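**Q** Those protein sequence lines, which keep their order, are chains A, B, C, D, E and F. If you use my numbering, the first sequence corresponds to residues 793 to 1076, in order. If you use my numbering, the second sequence corresponds to residues 793 to 1076, in order. If you use my numbering, the third sequence corresponds to residues 793 to 1076, in order. If you use my numbering, the fourth sequence corresponds to residues 793 to 1076, in order. If you use my numbering, the fifth sequence corresponds to residues 793 to 1076, in order. If you use my numbering, the sixth sequence corresponds to residues 793 to 1076, in order.
Just so you know, the hints here were simulated from the structure itself, not pulled from any lab data. Check before you lean on any hint, since a few could be wrong.
Partner residues are not named here, just some residues of chain D that face chain B (Cβ under 8 angstroms, in silico) [stated by the list, open to error]:
#1 807
#2 884
#3 1005
The calculated label-pair distances, taken between Cβ atoms and stated as ranges, are [said to hold, decoys possible]:
#4 E:1070 <-> D:821: 24 to 34 angstroms
#5 C:840 <-> F:823: 46 to 56 angstroms
#6 B:858 <-> A:879: 40 to 50 angstroms
#7 C:837 <-> F:846: 23 to 33 angstroms
#8 E:1059 <-> B:1067: 31 to 41 angstroms
#9 E:879 <-> B:1063: 48 to 58 angstroms
#10 B:830 <-> C:1066: 17 to 27 angstroms
#11 B:998 <-> C:1066: 32 to 42 angstroms
From a predicted model like this one, the values you see are computed outputs, not experimental measurements. For every residue, glycine included, the Cβ atom is placed at its ideal position computed from N, Cα and C.
Protein chains: 6
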Amino acid sequence: MALQNFSKFKFFNVTVPAQYVVHIEINRPQKLNAFFTPMWFELKAIVQQLSHDPDVRCILLSGAGDRAFTAGLDVEQAAKSDNPLSADIADPSRKATVIRREILELQDVISAVARCEKPIIALVHGYTYGLGIDLSSACDVRFCAADTKFCVKEVDIGLAADVGTLSRLPKVVGGVTSWVKDVCLSARPFSAEEALKNNFVSRVVNGSKADLIQEGLKYAQYLSTKSPVAVQGTKNILDAAWGRTVEDNLNYTAVWNAGMVQSSDVKRAMLSGLQKRTPTFEKL
Amino acid sequence: MALQNFSKFKFFNVTVPAQYVVHIEINRPQKLNAFFTPMWFELKAIVQQLSHDPDVRCILLSGAGDRAFTAGLDVEQAAKSDNPLSADIADPSRKATVIRREILELQDVISAVARCEKPIIALVHGYTYGLGIDLSSACDVRFCAADTKFCVKEVDIGLAADVGTLSRLPKVVGGVTSWVKDVCLSARPFSAEEALKNNFVSRVVNGSKADLIQEGLKYAQYLSTKSPVAVQGTKNILDAAWGRTVEDNLNYTAVWNAGMVQSSDVKRAMLSGLQKRTPTFEKL
Amino acid sequence: MALQNFSKFKFFNVTVPAQYVVHIEINRPQKLNAFFTPMWFELKAIVQQLSHDPDVRCILLSGAGDRAFTAGLDVEQAAKSDNPLSADIADPSRKATVIRREILELQDVISAVARCEKPIIALVHGYTYGLGIDLSSACDVRFCAADTKFCVKEVDIGLAADVGTLSRLPKVVGGVTSWVKDVCLSARPFSAEEALKNNFVSRVVNGSKADLIQEGLKYAQYLSTKSPVAVQGTKNILDAAWGRTVEDNLNYTAVWNAGMVQSSDVKRAMLSGLQKRTPTFEKL
Amino acid sequence: MALQNFSKFKFFNVTVPAQYVVHIEINRPQKLNAFFTPMWFELKAIVQQLSHDPDVRCILLSGAGDRAFTAGLDVEQAAKSDNPLSADIADPSRKATVIRREILELQDVISAVARCEKPIIALVHGYTYGLGIDLSSACDVRFCAADTKFCVKEVDIGLAADVGTLSRLPKVVGGVTSWVKDVCLSARPFSAEEALKNNFVSRVVNGSKADLIQEGLKYAQYLSTKSPVAVQGTKNILDAAWGRTVEDNLNYTAVWNAGMVQSSDVKRAMLSGLQKRTPTFEKL
Amino acid sequence: MALQNFSKFKFFNVTVPAQYVVHIEINRPQKLNAFFTPMWFELKAIVQQLSHDPDVRCILLSGAGDRAFTAGLDVEQAAKSDNPLSADIADPSRKATVIRREILELQDVISAVARCEKPIIALVHGYTYGLGIDLSSACDVRFCAADTKFCVKEVDIGLAADVGTLSRLPKVVGGVTSWVKDVCLSARPFSAEEALKNNFVSRVVNGSKADLIQEGLKYAQYLSTKSPVAVQGTKNILDAAWGRTVEDNLNYTAVWNAGMVQSSDVKRAMLSGLQKRTPTFEKL
Amino acid sequence: MALQNFSKFKFFNVTVPAQYVVHIEINRPQKLNAFFTPMWFELKAIVQQLSHDPDVRCILLSGAGDRAFTAGLDVEQAAKSDNPLSADIADPSRKATVIRREILELQDVISAVARCEKPIIALVHGYTYGLGIDLSSACDVRFCAADTKFCVKEVDIGLAADVGTLSRLPKVVGGVTSWVKDVCLSARPFSAEEALKNNFVSRVVNGSKADLIQEGLKYAQYLSTKSPVAVQGTKNILDAAWGRTVEDNLNYTAVWNAGMVQSSDVKRAMLSGLQKRTPTFEKL
């Protein structure tokens, strides 16, 4: 698997800003990084490749340009293209079938982000609307610029958000709080500060967008010095905890670690600890 | 279904302060809006009617008078009336059966509030004790006055809260936090500020009770301008997420939207968006 | 069951600072209260005994000395002793089996803390690393001193935390938030203030460690004046809510209270309420 | 609660053929006991009343006339009446909402049968089509006459069975077997013998319909001699087991029996056992 | 989507023996239809295509030649090829990661069979070993020839079956019965008759393999005359029932049918019923 | 861990009839092997020891004497001894607490049988009543003698079975069938033949009790020739499937096998397969 292959993508800049760190940049700034059909599948392909790439330990996800992480779905393109909503199918059950297939397919793109074995840090700024919430909710850690304008926008286009937000927002902010209902039912925008207060992001970075990227990169580099076996196992087990009981998750953890604790990382980490050295770890 | 029928209720004022908005006011202020048997069933009847009423898009729930949303169960009435606790049944298993039936019946009233298809905004002030927590936890959004005195009071009457608080509080504040255990185990009162900090309410309204009602009404009117198909679907899907996995909720969402995205609301909302107009939507 | 038996423990001071309140102090201060094998099993034995002791209504858990609640696993001892990691087993599947048994056994110690029928208040200060998080996450309420240094340390020794943290942290802080992922993936230390902001503790006590213990004791005494039937039922039902649906938890609550509401505590509490007296309750 | 009130029902004969045994007979034989709207709600009212009636310990459910338990939904009436399918609603999402409400309401009738605290024995004969499967699947024990013609008929009217069969058939016959898929996908009729072989019924009664009723009555009388606390608890716990883990069900059982084992029934049953007498039990 | 494209597959014969019926034949008879890497992915591609093809209503799956449905994994090829087991990775945790990815990828092939929207009828004969059980368990209906030799073979190659059998066998035969444990723990072969008795197949076809195919085809043609909306909905809802509660499945069914009952199939089926005609349905 | 230690048990004969096979015989034949308090805890100790003993691969469980596997609880002893039912506790909630602890403790004995890492074959004959069903339901495979008299007896002593039967019977026979409800509600005895027909046992052995033991031993020896990694993994994964979704179980299986497939057993088994030799496996 060769990192130089990353140059082949059309709607995303994929770069390697530091060892073990890959930066995915949504690259359609002239349209506020709004998504249309080919972009979805390119994103899925990128994430699936990085998930198994041993040269990757941490991924940054951001949007190109000064104005937006992503403004969400490109509604004009959606209206134009042969999407299921515009399909000329008279029978409501048959139309429902085609729509359901489409939703499941798009959900699967966002789920590929969530399932990526390597941690993904969302670095969001400017408009982070609709799909921007779906996408960043599927990441592991969220930092935002102070100027970010968030919005669970779907109610404003007449539908319940269906590619991930409603399923993952309660998971990543802690329940179906009054605030979650408020922002999802009303489609009102909310600020970086409000996102921080309500646990959607864990850090608001002041300064320019470059500062945000810089801080994300520093964090990603830090994570990349850690045991990849430990980091990726931690991600998997934390995600498996949701919607399941503590007892089931404990057992799952024991089965996971039965194999993983045999890692050379444990010996290296312990030895380095005793010797006050920084350990290095084999690729994963 | 005629809105004028609302005049018939005895313990609740049910009014229509704005188009699509219904206001339910608990109306027993001389007893701090404490509940006794006939009130429970009236509340259930009201909520079930509003749930299906196409003229309703958002519901406000508050308490009459200056002193309380509700002080909870009317303990004196409970002691007097023929309630299961006082029933003269010697056999503990038979008494348990009668008590269980009673609890399930009262839980079903609170669950009717939670299941209502239309969003319900709790506007609480003053004493919001015991049943006041059960009831507001079953609503979607909670605003409170600055003077609100909250209390999960049940431990002080010798029992674990059993009509909803212990099941819904972790859902609406985000888990079984140290704070949830603290207020539920100790039955200590907590303030509006503490409720806000711990995500139980999403807004504290300063000023008089009238200001609280006014702010709630403004918010309800705002929600009522939105697509009812989108708003009500969002509520349903968010509630279905709790205690289930992300994967199950994603699939449920796809099935839900397969039918719902065919709504005229989507076309109206999209068209209005392009034309920079405010859309109107058919009744639901 | 005799409280004087508490003197027999080797690695823990178990005292009775007030009626109905037991204080467990991890007592290996010269090693920052780090755990090694015999300590685990002693802790389990203590907690299981207290769980059923009618003279106990609330438990405090703290660490001896000024420097640490617990620094976690005693890595040197672990390296020395015949632990599974060091076991000379060539076949990875057989080694996995031995490791899994060991993890399940240690998890069961922490789960004994979580299952204790009586509420446990963790009073943490100084180093609260690794196992310190597992242990305090299994308690019901967490207070900390202002000087506490928290750390989900396991990633730094090359493994995913496996005796409880990853399963219980999302439960006690409200979901798999950006912050939970951050501290678990990075193994970075965090402060008392950050723990409070992110709902891991519900109180930061300023002043000396003695002030922390004093405040914990005062709180435990307060809980001990409450109906033990109500308090212990509330704990059980709240814990049962996690990872299960609201509907299942409501039914469980009704079955629980069918028996428990027959308690003399209800009559005593109600009567005392009407008479404005402080009730006393039978042992449980 | 007076058993003589049973005479008031219009579409069901409700009789008391033996002490503690109530017989509900679907009584529209001229239409093969096919259901139309008012029948559903009458059935629900009957079952809810019997569920709490202390004079009832076991219920028999059968169909009047020689030809059918029930042929299912009365399609002609359904077409005529103002049912949601015929409703003139152009918008598919609004029509979906009305249909969903209707399905949930009908499901709730069948679920009332399943939730009835007393065991219900379905005694089926002749046509047992569509709703006949929904209804008998919600009962606890199923006996059938040798002439019974079963059919999961819904596919033949163009829809997936939606008031209970698809949810309960896997529960009552043991999984989503090849046979379950076969009869549900194909809507092919199956015989009493096939129903017995595939565990849908536990007994095929040869002879006349009167023999079937007689055998059911004998069995119901037998169940009615048993401890009602034990019988009703067994029903509740067995139903709670489905779709949940063994561990959760064990805990639920312990909580249930904590109250129920205190029953006088245990003492009476044990004493009678030692004295070789038949015990009698208090009403429940 | 063009059916003639089916000719392009290398290891499978894909034919259209009747309107709406597609027959997939595993075509490596010289190796007892044993699977090696490229076959897996071809199968997945075929099934995913058919799942959405409106010209397909029912799928038959069988094995070419007289000797086997499939003898399972081609162990010799597996040993030769660069499979993860042979990978030269010293660190057990890194090897575990590679193995886990491989298992998940193969499971996903079998799950694609299970998720196929159209019903799949497995027609098995001769050796149906290992993967043959995984594969047929993922189908909806299983018919077998009288000569079939079944075996959950994995224990004999030193591992627990991991691509589906252990997860789906309890679902399709009804629980973790003594028989399921027996055949899975012992890897002993079992006969067609035993498979029928234990509900793994619903029909044993006597005669030649051609008779089996003929009977399967007849059945598939019959299913294809039914409403595709009804058939495919029934499959989806039945599969969703497993491992979930009756209550959750009922709600899911109501949401599903809210959209699907609006189908023209319902009107066509009802009208044809009244007119005693055979209905025809639009493609899906 | 020394097998000779087995001689120390008082109420159980524990022998090693063949390599890797241990036979536990309930040894209180003069009382029909009825259980009283000390027996429970001895059984738990035995099973926990065998679970980790590398010299054990399969366990047989039977009852001494000609008359009974076990007649269940020794009711006379239970009445005499200081059991919770006889405890003189006036307050129903406090009595409930003591009873619940007792039930959980006894459940834990039966669950220790179910959790044993090695497969346990129940060989039952004669009276297999009450606890005999709890115990054999927790085993993996059940064979019985033709003379076995089964009975879910608890209803006859006035209570719902609470140490395992109601939770595990639906799991091991396939759902909450009409037959399960019948035998659990009625407490009627059933025969070996009926147990076989309803999938509770997988084999009825004709002849003497010695023939049953002989057949069980032969089967256990056969299982003991198989890879212990494969056999014990299969048991674990099959049990984990119950009450969970197929998707969750597939993922759990992948994690399990990630470590376990690295076993030397796989290489040995594959090599032996190619060389047509019987493999031998290292201890586990």
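**Q** Each hint needs a verdict: does it hold in this structure or not?
**A** Taking the hints in turn, this is what the structure says about them:
no., hint, in the structure
1, 807, "violated (25 angstroms)"
2, 884, "holds (4 angstroms)"
3, 1005, "violated (30 angstroms)"
4, E:1070 <-> D:821: 24 to 34 angstroms, "holds (30 angstroms)"
5, C:840 <-> F:823: 46 to 56 angstroms, "violated (31 angstroms)"
6, B:858 <-> A:879: 40 to 50 angstroms, "violated (57 angstroms)"
7, C:837 <-> F:846: 23 to 33 angstroms, "holds (27 angstroms)"
8, E:1059 <-> B:1067: 31 to 41 angstroms, "holds (37 angstroms)"
9, E:879 <-> B:1063: 48 to 58 angstroms, "holds (57 angstroms)"
10, B:830 <-> C:1066: 17 to 27 angstroms, "holds (23 angstroms)"
11, B:998 <-> C:1066: 32 to 42 angstroms, "holds (36 angstroms)"
Hint compliance for this structure: hints 1, 3, 5 and 6 are broken, all remaining hints hold.
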